[in-house]
Amino acid sequence: MATVNDKRPVNLDLTTIKFPVSALTSITHRIAGIALFVALPILLWMLDRSLASPESFAQLKDLLATPLAKLVIWGILAALIYHLVAGIKHLIMDMGIGETLEGGRRGAFTVVAVSVVLILLAGVWVW
Amino acid sequence: MVTSVTSFGRNGLSDWLVQRASAVLLALYTVGMVGYLLCNPGLEYEAWKALMTSTPMLIINTLVVLAVAAHAWIGLWIVTTDYLTRTQLGGAATGSRLLVQSLVVLVLLVYVLWGLLMIWGGA
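As they're listed, the protein sequences go chains A and B. Numbering-wise (my numbering), the first sequence opens with residue 687 and increments by one. Numbering-wise (my numbering), the second sequence opens with residue 1247 and increments by one.
The hints are simulated quantities; they were obtained by calculation from the structure and are not laboratory data. Careful, some of the hints might be misleading.
What the hints assert, rightly or not - DSS-like mimics (lysine-lysine), calculated; alpha carbons at most 30 angstroms apart, straight line:
no., chain 1, residue 1, chain 2, residue 2
1, B, Lys1295, A, Lys747
2, A, Lys693, B, Lys1295
3, A, Lys693, A, Lys704
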């Protein structure tokens, strides 16, 4: 570590840092991950209802036809899609592809574009 | 080498690898499951139950539940160690972080046990 740099002030206060697009897609990846952690009981509950009996399966099907349930499912799918697409970008970067500043920016924009398209398609599927 | 007693594998490289391996499994499972549901829009109980209680799916679902727990623990450990810090919380940081991490582990263990009960309960 260069001694010159040691004297420079360090700012780690996230609230005062202007985020570049790659940082915004990274924090969104984390938020989507936390959202999925919170949404897991909903998915587990749906799995339970879908397998418990023919009656509970039919009840779940009726429930999933209501607007509120569709909105919740779309929200979960949106978080899942974004987390998946951003995760695939990570795996690609792990292979050494797109690790430059410009590559990182391009990757971040690609993640947003691909996610938006897939989330809209998921909305079409749900409704 | 700095080691942490709260990380998944007590080793950053191990956590990194488990995060990737579980991610690949979860990605394939997600794509496969969405593909199956897209191809079977009028899915009935009997077909769904038969699929989910077949031996391959019992094994895959078990692996997926374990992968979710490992993946979520590593991810949330990274998030908690990044944001619940002295810079953000001062002296309360270590206690707060340990409390949140303990709750996350507890919740994930409940998810795993609940998930396994569901997967194997009807088999």
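With the threshold set at 30 angstroms, check whether the alpha-carbon distance from A:Lys693 to B:Lys1295 stays at or below it. violated (65 angstroms)
Is the Cα-Cα distance between A:Lys693 and A:Lys704 30 angstroms or less? holds (22 angstroms)
Given the hinted pair B:Lys1295 and A:Lys747, is their alpha-carbon gap at most 30 angstroms? holds (14 angstroms)
Hint compliance for this structure: hint 2 alone is broken.
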